[in-house]
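Read off the chains here:
Number of protein chains: 2
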Amino acid sequence: MSERTEISDLGEFGLIEHLTRNVELQNASSLLGVGDDAAVIDHFGKQTVVTTDLLLEGVHFDLMYTPLKHLGYKSVIVNLSDVYAMNATPTQITISLGLSNRISLEALDEFYEGVYAACSHYGVDLVGGDTTTSQKGFVISVTAIGEVIPDRFVKRSTAQKGDLLCVSGDLGAAYIGLLFLEREKKIFLESPGVQPDLEGETYVVGRLLKPEARKDIIDFFAEQEIQPTSMMDVSDGLSSEILHICKQSNLGCVLYEDKIPVAEESRLAAFKFEIDPTTCALSGGEDYELLFTVSQNDYEKISANANISVIGYMTEVGEGSTIITKGGGRHAITAQGWNPLK
Amino acid sequence: MSERTEISDLGEFGLIEHLTRNVELQNASSLLGVGDDAAVIDHFGKQTVVTTDLLLEGVHFDLMYTPLKHLGYKSVIVNLSDVYAMNATPTQITISLGLSNRISLEALDEFYEGVYAACSHYGVDLVGGDTTTSQKGFVISVTAIGEVIPDRFVKRSTAQKGDLLCVSGDLGAAYIGLLFLEREKKIFLESPGVQPDLEGETYVVGRLLKPEARKDIIDFFAEQEIQPTSMMDVSDGLSSEILHICKQSNLGCVLYEDKIPVAEESRLAAFKFEIDPTTCALSGGEDYELLFTVSQNDYEKISANANISVIGYMTEVGEGSTIITKGGGRHAITAQGWNPLK
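Residue numbers (full-length UniProt numbering), protein chains in the order written: chain R, 1 to 342; chain V, 1 to 342.
Warning: the hint list may mix true and false statements.
Claimed, not checked - Which chain V residues face chain R? A few, computed with CB under 7 angstroms, are given here:
| hint | residue |
| --- | --- |
| 1 | V50 |
| 2 | T51 |
| 3 | T52 |
| 4 | D130 |
| 5 | T143 |
Said to hold, decoys possible - To spell it out: a stretch of chain V is covered by chain R in this simulated footprint if at least three of its residues, at any positions, have a beta carbon under 8 angstroms from a beta carbon of chain R; those stretches are:
| hint | region |
| --- | --- |
| 6 | 36-44 |
| 7 | 84-93 |
| 8 | 96-105 |
| 9 | 133-140 |
| 10 | 148-156 |
What the hints assert, rightly or not - For lysine to any residue, the following SDA-like pairs were computed, each having C-alpha atoms within a straight-line distance of at most 20 angstroms:
| hint | chain 1 | residue 1 | chain 2 | residue 2 |
| --- | --- | --- | --- | --- |
| 11 | V | K136 | R | D62 |
| 12 | R | K272 | R | A332 |
| 13 | R | K247 | V | I16 |
| 14 | R | K247 | V | T20 |
| 15 | V | K210 | V | Y65 |
Derived from the structure by calculation, the hints contain no laboratory data.
Using N, Cα and C, we set each Cβ at its ideal position, and we do this for glycine too.
With the rest of the complex left out, here is chain R:
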């Protein structure tokens, strides 16, 4: 970047004006956006869904290898993913930022480019936020609001015995992408002259840095009149999420290792690190796929969608939560998902 403008030179309101100068509201329900004490949303005849995520530098992202535009995009996506996981359609977001003096206005503009790209792609309006200084590190807090047809929202706790356990897309790629970026960071810190070698790893790195939310799956449910019996997004690894559905629905499950979808790119990349691709899918994180259960009656509809894999089924709680490995072994599923408090 050739220019560097200090954010404090604009003041908070100058900054808000700068960042929101090109906002165009896309939803008729967005009655009032940025610039007042609060935004106003009209949700007549729909139910409102709200979710929030806090992303902290050094904990959730490393600015050394995260382009700010991608970070802005991803900050929105992780929240939209939670809205879709309720079988709802996101309509508005708010963004609060804590900015250290390391972040210039130009850098912040890049971040917002990503935010607006995500808003535009998913038809969501940015309607408010809060901007303040941070003594250390970049702090991002996003809240997303969505709407759902009355009583069509899908909880985690309502799976039924015998339901099919399904997941969208493929799993484990973001975790392998992280391993690559961490390796390249280490090499760079030791030998700053060496250029990063991410040749051939664009898929896994892309899945980490620029994830998408599964709007297409929610649209497919609506078109096909499928009402999932339970649903959540996969952000902390498949095992951890399956155990949430089992616990909250008071059920057990059977999961087939050979049904877990892993992309060929992820498989090859995992082998380079000499780790098992299945482990990445079970215990990695940040896939932002949808994990859900449907009635067996929906099997035909579900199996017609190439983006959905049936990976198991729900059982009585007494049967436990079991994975059947490729070799035919039976093991209890254990959560090794990311603990953000460690």
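Since chain R is already given, all that's left is putting chain V on it; use the hints.
Positioned in the frame of chain R, the structure of chain V alone reads:
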């Protein structure tokens, strides 16, 4: 505190369960609360208001003199105040926290005691959030959602020429409370044996540490069928907020210094610091009073409420924004409000 439980021992989900074990939802519109990807809210026939605030340790609060229970209470209040400032009624909040390892579970429980006290007092439901680790400092992000009768929400930009400029309660106390606490902190750091001397300053210190939001004023508007023409809450000092209303409404104003409400306790306390109480009201912050304009037709109704002061009136934009001092001098109002980005 006699016990200290590390938060990381519970894990994120154990922690959420612990913190929300006593939640009882108070609003019929809260269809689904904490524990899923998102909360679900039913707002049929109302418009939804949403606002968010980010509070960072060292920037917005100092744990050295801020009891955690008060901090929890205040974190909610600052958001509710923004909802009331829209002429709306808050119904739900979400809270996201970034926790450093300095915060024990017992400390966090104190914080939540304050959060729940505020929720209970204002009839608001805690419906979601996100909890994560922070490398440094305590991070608090609150989003509040409220409802308003269709098209009765009040913006900052719709004041009319000739309207009365009004403010609730009294101003400047929180700023003077801050001066006291900062003084006592300095003394304590220099001589740790000395006990803090806040004798007689409970009013100003209380206004800083445990502010309230002006629900009563919104209720009064509804009872009296008053529709303010513009409104915002006073968080950055009266001057700064008046200039927002003038700028956004494209008007000027006349403000009378002798009409600005300052509590007797604040006046006496300001004199101890040899500062002008009016300066505290104009340039201090964190009062969380409501600044609003009403039509002159509402003068009689407004003046019957002892908690409301008429402090001036709106003029053409060309006449500028003027304060008439007690001595009869005329000066342009300038904003010396807090810049959270400096």
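Hints, one by one, checked against the model:
Given the 7 angstroms rule on beta carbons, the hint for V/V50 holds: about 5 angstroms separates it from the nearest Cβ of chain R. Of the supplied interface hints, the one on V/T51 holds, with its beta-carbon coming within about 4 angstroms of a beta-carbon of chain R, less than 7 angstroms. Checking V/T52 against chain R by beta carbon gives a least distance of about 5 angstroms; that is within 7 angstroms, so the hint holds. For V/D130, the shortest C-beta to C-beta distance to chain R is roughly 5 angstroms, which falls under 7 angstroms, so the interface hint holds.
Evaluation of the V/T143 hint against chain R yields a held restraint, the C-beta minimum of about 4 angstroms falling below 7 angstroms. Counting residues of the region 36-44 of chain V whose beta carbon lies closer than 8 angstroms to any beta carbon of chain R gives 9, which meets the minimum of three for the stated coverage. Coverage of the region 84-93 of chain V by chain R holds [criterion: at least 3 residues with CB-CB distance below 8 angstroms; count 4]. Note: the region 96-105 of chain V has 4 residues with beta-carbon separation from chain R under 8 angstroms; the three-residue rule is met and the coverage holds.
With a threshold of 8 angstroms between beta carbons, the proposed coverage of the region 133-140 of chain V by chain R holds, since 6 of its residues qualify and at least three are required. Given a C-beta distance limit of less than 8 angstroms, the hint that chain R covers the region 148-156 of chain V holds, as 5 residues qualify and 3 suffice. Simply put, V/K136 and R/D62 have alpha-carbon atoms about 15 angstroms apart, close enough for the 20 angstroms limit, and the pair holds. Taking the CA atoms of R/K272 and R/A332, the gap is near 28 angstroms; set against the 20 angstroms cutoff, the hint is violated.
Distance hint between R/K247 and V/I16 is fulfilled; the C-alpha atoms sit about 15 angstroms from each other, no more than 20 angstroms. The suggested pairing of R/K247 with V/T20 holds, with an alpha-carbon distance near 17 angstroms, which does not exceed 20 angstroms. A threshold of 20 angstroms between alpha carbons decides the hint, and for V/K210 with V/Y65 the separation of about 12 angstroms falls inside it, so the pair holds.
Of the hints listed earlier, the one the structure fails to meet is number 12.
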